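**Student:** Residues per chain are reported as follows:
Number of protein chains: 2
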Amino acid sequence: MRRVGGACIYNASSNQQRYRSRDDRGRSRATTMGSDYGVPRELSGLQKQRSLYQPELPPCLQGTTVRVEFGDTTIAADPADDHAIRQAFPHTSGQPLAHFLRATANVPDAQIIEEHPAIRVGIVFCGRQSPGGHNVIWGLYNAIKSHNPKSTLFGFVGGTEGLFARRTLEITDDILSTYKNQGGYDLLGRTKDQIRTSEQVNAAMSACQELNLTGLVIIGGVTSHTDAAQLAETFVESKCQTKVVGVPVTLNGDLKNQFVETDVGFDTICKVNSQLIGNVCTDALSAEKYYYFIRLMGRKASHVALECTLQSHPNMVILGEHVAASKLAIFDITKQMCDAVQARAEKDKYHGVILIPEGLVESIPELFALLQEIHGLHRQGVSVENMPSQLSPWASALFEFLPPFMRKQLLLHPESDDSAQLSQIETERLLAHLVETEMNRRLKEGTYIGKKFNAICHFFGYQARGSLPSKFDCDYAYALGHVCYHILAAGLNGYMATITNLKNPVNKWRCGAAPITAMMTVKRFYGPGATAIGKPAIHPATVDLEGKAYEWVRLRASSLLMDDMYRNPGPVQFEGPGADAKSISLCVEDQDYMGRIKLLQEYLDKVKSIVKPGCSQDVLKAALSAMGSVTDVLALMSSSSMNGQTPL
Amino acid sequence: MRRVGGACIYNASSNQQRYRSRDDRGRSRATTMGSDYGVPRELSGLQKQRSLYQPELPPCLQGTTVRVEFGDTTIAADPADDHAIRQAFPHTSGQPLAHFLRATANVPDAQIIEEHPAIRVGIVFCGRQSPGGHNVIWGLYNAIKSHNPKSTLFGFVGGTEGLFARRTLEITDDILSTYKNQGGYDLLGRTKDQIRTSEQVNAAMSACQELNLTGLVIIGGVTSHTDAAQLAETFVESKCQTKVVGVPVTLNGDLKNQFVETDVGFDTICKVNSQLIGNVCTDALSAEKYYYFIRLMGRKASHVALECTLQSHPNMVILGEHVAASKLAIFDITKQMCDAVQARAEKDKYHGVILIPEGLVESIPELFALLQEIHGLHRQGVSVENMPSQLSPWASALFEFLPPFMRKQLLLHPESDDSAQLSQIETERLLAHLVETEMNRRLKEGTYIGKKFNAICHFFGYQARGSLPSKFDCDYAYALGHVCYHILAAGLNGYMATITNLKNPVNKWRCGAAPITAMMTVKRFYGPGATAIGKPAIHPATVDLEGKAYEWVRLRASSLLMDDMYRNPGPVQFEGPGADAKSISLCVEDQDYMGRIKLLQEYLDKVKSIVKPGCSQDVLKAALSAMGSVTDVLALMSSSSMNGQTPL
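First to last, the sequence lines map onto chains Y and R.
For reference, each letter of the first sequence is one residue, going 1 to 648 in full-length UniProt numbering.
For reference, each letter of the second sequence is one residue, going 1 to 648 in full-length UniProt numbering.
Because the hints were derived from the structure by calculation, they are not lab data.
No false leads were mixed into what you were given.
As the list makes no split between identical chains, a pair holds if one copy fits it or if it spans any two.
When the alpha-carbon atoms are kept at most 25 angstroms apart in a straight line, the in silico SDA-like pairs for lysine to any residue are as follows:
#1 Lys582 / Trp552
#2 Lys451 / Gln200
#3 Lys452 / Gln200
#4 Lys347 / Gln336
#5 Lys452 / Val384
#6 Lys582 / Glu42
#7 Lys408 / Arg429
#8 Lys192 / Arg344
#9 Lys48 / Glu575
#10 Lys408 / Ala455
#11 Lys408 / Ile456
#12 Lys452 / Asp417
Fair warning: this is a prediction, and the values are worked out from it, not measured in the lab.
Assemble the whole structure, with the sequences as input and the hints as a guide.
**Tutor:** Rendered as structure tokens:
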């Protein structure tokens with residue numbers, strides 16, 4: 001038994017009850033089971049205020065009656081992947097999109113979900129804690145209870161390990177009271193964040209069956225949703241009745257595709273980091289003696305770094321996607337930075353702010369190759385001490401060139417998805433070190449005339465993850481929680497809850513659900529004479545180097561570098577001006593894929609209704625001719641040859 | 001010439017005009033002098049909103065008529081120091097306190113300041129940028145102009161170096177417009193922050209004389225005010241007409257004494273840091289796998305660490321004052337931390353948050369001794385490479401024991417006040433390293449049974465200094481700027497602007513001025529058979545280990561450690577609930593020294609008015625008897641023997 005949020009948790013997997021307290025915050029209390037269920041934790045004044053905030057809901061989720069409209073069956077973004085995905089997910093791929101509409105919506109095929117039997121739902125946190133996660137639970141809880149007060153929501157305590165061990169906490173309004181609109185994942189905690197091996201999948205299935213769950217909701221990012229899709233498929237195959245639903249919650253912002261515009265947590269993380277970057281910019285300009293190298297959390301993709309650039313206007317940002325596309329070596333990046341420092345020194349500027357995404361280290365070709373060798377040795381069970389001697393001559397030379405702290409960090413065991421431990425590798429210190437060495441060399445040689453280069457390094461990540469969620473993330477997460485309920489009420493399995501048109505006010509948001517398999521792609525490895533195919537999976541969306549957000553940076557690169565256009569978005573506000581601000585990349589990008597899919601359907605319906613049997617021959621001819629050329633163009637555009645890019 | 005805030009600065013010390021731009025933020029502009037004076041910089045939405053905020057003023061500063069009341073002449077806090085201070089500051093010590101009152105105040109001896117001739121005032125930033133600094137300039141500017149529109153305010157560009165070089169920027173409302181209520185010192189910048197050598201003092205004096213300044217306002221902390229007092233004394237001696245006024249602005253919060261309750265910037269810094277610490281606490285509790293070691297800015301004293309503890313309730317804080325008082329060695333601290341980690345592990349807790357003030361390294365006796373040796377070698381001109389071999393055997397043994405990064409940092413050149421470069425010495429990494437080593441040893445030996453200890457280190461400083469100032473700091477700084485004007489209008493020299501009763505609403509604030517020399521103490525060094533006396537100076541106020549703020553922490557130490565009482569104050573709010581929050585240590589401590597001094601005067605006056613010639617013999621006898629015993633007790637209490645402590 002473990003106490004969480006003041007409540008007792010029965011550990012079903014252990015015969016002996018375990019006592020563990022997490023909420024004994026200075027209060028004396030008995031440790032017997034259930035004696036102080038739901039004791040609230042101490043909140044600060046602002047936390048209390050926030051706990052009273054009632055998130056807005058889009059119109060379709062207000063009230064208890066919701067209509068569901070099924071769209072067309074989905075296909076893979078890249079037709080070439082479709083076959084592999086259908087093979088891997090015979091039961092759960094190719095399912096239709098679902099749209100949730102108001103009860104009053106005048107849509108002929110949309111049905112009102114009439115039946116609301118009492119259901120039992122489990123929910124689990126997977127992956128990096130992202131601000132807003134608690135609100136998904138709250139939203140789901142409210143939706144469940146308002147449709148049938150006899151329904152029950154169980155939180156799995158301790159993430160996926162809690163799921164396997166069947167450690168549950170029944171969610172009540174009391175327990176939620178001090179977690180509403182609050183950051184972190186501490187209501188339930190999280191652990192391994194993986195449901196992948198057959199042992200793990202079976203443990204999850206047994207838990208769902210034993211607890212007789214109607215639905216299992218997985219709160220997580222890219223890898224967790226690949227796991228969720230696999231789980232959904234296995235459940236159908238094994239005739240397990242539990243439906244699996246995913247919710248896009250990840251601070252990395254990299255679970256982004258045709259159906260998902262942004263992830264819960266991304267907005268807050270970028271705002272908190274941009275505030276700090278803005279502060280550092282002001283600091284740099286005040287003392288004019290330091291270059292700040294700031295590494296930002298965000299895993300492989302550079303969405304966080306890009307959004308923070310848009311919000312705070314630092315002097316430079318090195319996007320992993322740009323480095324990978326341009327195949328820049330570590331020396332190219334160093335040289336580019338040194339030239340920038342030199343150009344600024346010529347204008348008598350000895351300060352600056354440079355952003356670096358944590359994924360950069362994997363985007364630099366030679367470092368990536370070195371990491372691959374090291375991870376290979378890890379898989380072979382080679383001990384860390386013996387690794388340096390077993391590297392290839394080329395990798396060994398690079399390894400020896402790197403400063404000691406970097407060597408130690410590169411040797412760390414890779415994460416469960418085989419990527420490097422990005423949060424532990426101080427790429428910003430490596431770059432600052434290389435730039436310093438090079439500037440000192442130039443100074444000595446006389447090719448640089450100016451003051452000594454001074455760098456200060458930062459990693460912004462852990463200090464933002466636990467932040468109070470912004471209003472946007474509070475609303476978005478709460479509404480997604482509601483959508484989860486309707487997905488389950490509609491009996492869908494292997495779906496992700498989606499809300500689109502997010503850049504507009506909440507009353508314009510569109511709620512729906514998309515099969516997780518429709519977001520998958522297949523990686524191909526081209527070898528000499530053969531092509532290997534990876535398992536279908538959701539892959540992190542990379543920053544679109546042709547998109548509007550990056551275009552803004554590209555067009556202003558030299559002003560950003562030279563003119564100190566620093567901008568401080570300030571601390572996240574909950575009332576008054578600024579409280580409703582949304583992330584810039586969300587607003588500049590013209591997404592609303594789901595809205596367009598619906599609009600297309602309307603056009604097609606219109607054609608059908610105009611060109612009915614009985615219409616004139618001319619109208620029919622014109623329709624045929626027009627539709628013929630439209631289909632030709634679309635068929636050409638959708639052919640594999642034009643589909644090499646990552647989605648979005 | 002240099003462009004600042006969109007303005008042109010004439011560099012009076014150089015015959016050749018220097019062109020330097022700082023504001024060319026993507027705008028095309030001519031670089032000829034004065035052509036784009038006051039071009040505003042780009043602000044974010046929230047920055048813009050803040051720039052429109054009009055700070056509140058206490059009643060005595062509203063309107064243009066102010067009464068000044070002079071109190072008693074001041075003495076040193078420790079009578080033993082009085083002689084040395086009077087000797088060092090014959091002209092500027094022993095001056096009376098001044099209180100600024102409303103024109104309508106019914107105080108017999110208070111005079112209305114009637115004359116407001118046009119004056120010329122210079123202002124300069126010294127020391128670490130602290131949020132609110134810009135508002136001192138704005139407040140002073142408004143007060144100057146509202147009393148005589150012909151008066152002029154000059155900002156020195158580039159801190160003390162700008163002062164020596166007479167680089168001035170005339171402050172206008174246009175120039176201020178995008179700096180009102182904004183963080184940083186970037187309107188004017190700052191550099192060396194020292195006016196101490198006779199060369200520097202003379203350069204400052206020539207600048208004041210050449211610019212024909214009525215007053216010079218120094219914005220800074222502890223050391224800058226010692227410099228300011230010296231400057232004031234030298235000016236009188238040299239018959240320079242310029243009056244010197246200081247304003248207590250330092251994020252460290254260590255310029256604190258009978259007259260100064262808190263410093264501009266401290267409130268904001270603690271709030272921003274507490275937000276981040278609160279986030280990290282939430283993070284720790286969500287993933288339950290890391291110990292976070294967080295070092296906080298604040299120089300020698302631990303005020304910032306203490307206030308952040310009160311606001312965010314981490315598991316542990318190691319105050320430098322406590323370590324110094326208890327003479328804890330580095331191994332004692334390590335052991336204490338390891339025992340804490342072990343005790344938590346026994347309760348199945350593998351996470352935690354530990355705060356460390358940056359000054360800690362100088363409070364640990366053996367590290368301080370090592371630093372002293374190293375600084376001695378620096379003074380002898382020994383090169384860094386040769387230092388390790390020239391250390392005493394004892395110091396050398398300690399040095400060799402330390403990890404390489406620490407050795408490198410300890411060898412850094414000391415700062416201008418001979419203290420170590422505290423911001424560059426990663427004490428948090430040292431402690432995390434030592435704790436990890438010890439926990440691994442215990443694990444191997446079997447004396448610790450539990451999961452591996454994992455630490456993540458942070459230094460919170462640079463990311464908070466440039467922050468938008470809190471409402472409190474905006475108001476406090478703006479009002480202090482006004483007070484500066486009235487000090488100059490009253491013709492005072494060597495004074496610090498003060499506002500007391502700060503824990504109450506602005507309409508209860510009391511404005512005044514205190515001679516800087518009254519805040520000085522003299523350090524004594526006891527050697528065998530002789531006592532050396534240091535120069536009188538303002539010394540950083542240390543945390544009062546007997547005070548109410550520390551008492552709160554002491555009483556809850558074990559709950560904080562074991563029960564995870566984490567509290568997240570959230571981001572600084574400017575509107576709605578929480579916007580008016582003040583720092584906790586300001587509110588729990590019962591200060592208002594200035595208010596009490598005034599109250600005492602009222603009692604004395606009352607006695608005098610009751611016991612007038614003509615009163616009855618009995619009344620006179622009673623008065624004599626009562627006053628006799630009061631004076632006896634006070635004389636005893638004020639004798640040197642009872643005055644060993646640091647002030648406050």
